[in-house]
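Visitor: Top to bottom, those sequences are chains A and B.
Sequential numbering of the first sequence, starting at -15, is according to the working numbering.
Sequential numbering of the second sequence, starting at 2, is according to the working numbering.
Don't read these hints as lab results, they were simulated from the structure.
Source: prediction; values computed, not measured.
A hint or two may mislead.
To be verified - Stretches of chain A that chain B covers, calculated by requiring three or more beta carbons in the stretch to come under 8 Å of a beta carbon on chain B:
#1 3 to 10
#2 49 to 61
#3 87 to 96
Stated by the list, open to error - Taking lysine-lysine pairs in the DSS-like style, the calculated list, with each CA pair at most 25 Å apart, reads:
#4 A:Lys41 x B:Lys110
#5 A:Lys67 x A:Lys(-2)
#6 A:Lys55 x B:Lys69
#7 A:Lys41 x A:Lys55
#8 A:Lys41 x A:Lys54
#9 B:Lys100 x B:Lys69
#10 A:Lys(-7) x B:Lys2
#11 B:Lys2 x B:Lys110
#12 A:Lys54 x B:Lys100
#13 A:Lys41 x B:Lys2
#14 B:Lys110 x B:Lys43
#15 B:Lys2 x B:Lys43
#16 A:Lys41 x A:Lys67
#17 A:Lys(-7) x A:Lys67
#18 A:Lys(-7) x A:Lys55
All residues carry an ideal CB built from backbone N, CA and C; glycine is no exception.
Residue strings, one per chain:
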Amino acid sequence: DGGITQSPKYLFRKEGQNVTLSCEQNLNHDAMYWYRQDPGQGLRLIYYSQIVNDFQKGDIAEGYSVSREKKESFPLTVTSAQKNPTAFYLCASADRIEGSSYNEQFFGPGTRLTVL
Amino acid sequence: KQEVTQIPAALSVPEGENLVLNCSFTDSAIYNLQWFRQDPGKGLTSLLLIQSSQREQTSGRLNASLDKSSGRSTLYIAASQPGDSATYLCAVSTSGTYKYIFGTGTRLKV
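Start from the sequences and build out the full structure, keeping to the hints where you can.
Guide: Here it is, written out as structure tokens:
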């Protein structure tokens, strides 16, 4: 079964803690993305990666970090520097079509992070 | 800077009605446009992808059109059903970038 998995589904964080959200894909896609979704808002890009060992900041990267050591994995760490981390986090992947552009995005089921 | 707008933010229609959802974008230099469905608390499900060279795509009761010159895309849903109730989002990929810009979505209730 091909697709994207995210874990955990729900995550609770205490003030001052770092937490890591997992994202794995078996679609053999080159690109992977992390988005944040707040109630009533669209998706905002946190980080994206086009290839192993390379990633770029999105529009709201402050307080987050990522790694891309394997093609199929793109974990996101929410650090204590992120002042308002309570949100729904979505991971996505896409396959390169030609040049610098990508095709259809596929999404995981999301992780809901709550700060206690 | 690409901006994507979806109006209205919410829409309620009776079962069986045909309906149109709108997506507007400011930069016509797009590579593709994708429509998604999101159920409450869930991830996004891809509905249709339109490449910049295409005018429309169809899947079952769904038809998406693209007019790059006017910066608009529409998602047409025929014979709406209660199961169509969800939030619908559009996203555009601008040529030469790896990023997708999302609209804020239209929440549909049938």
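Visitor: So which hints don't hold here, by number, going up?
Guide: 1, 2, 4, 6, 10, 11 and 15
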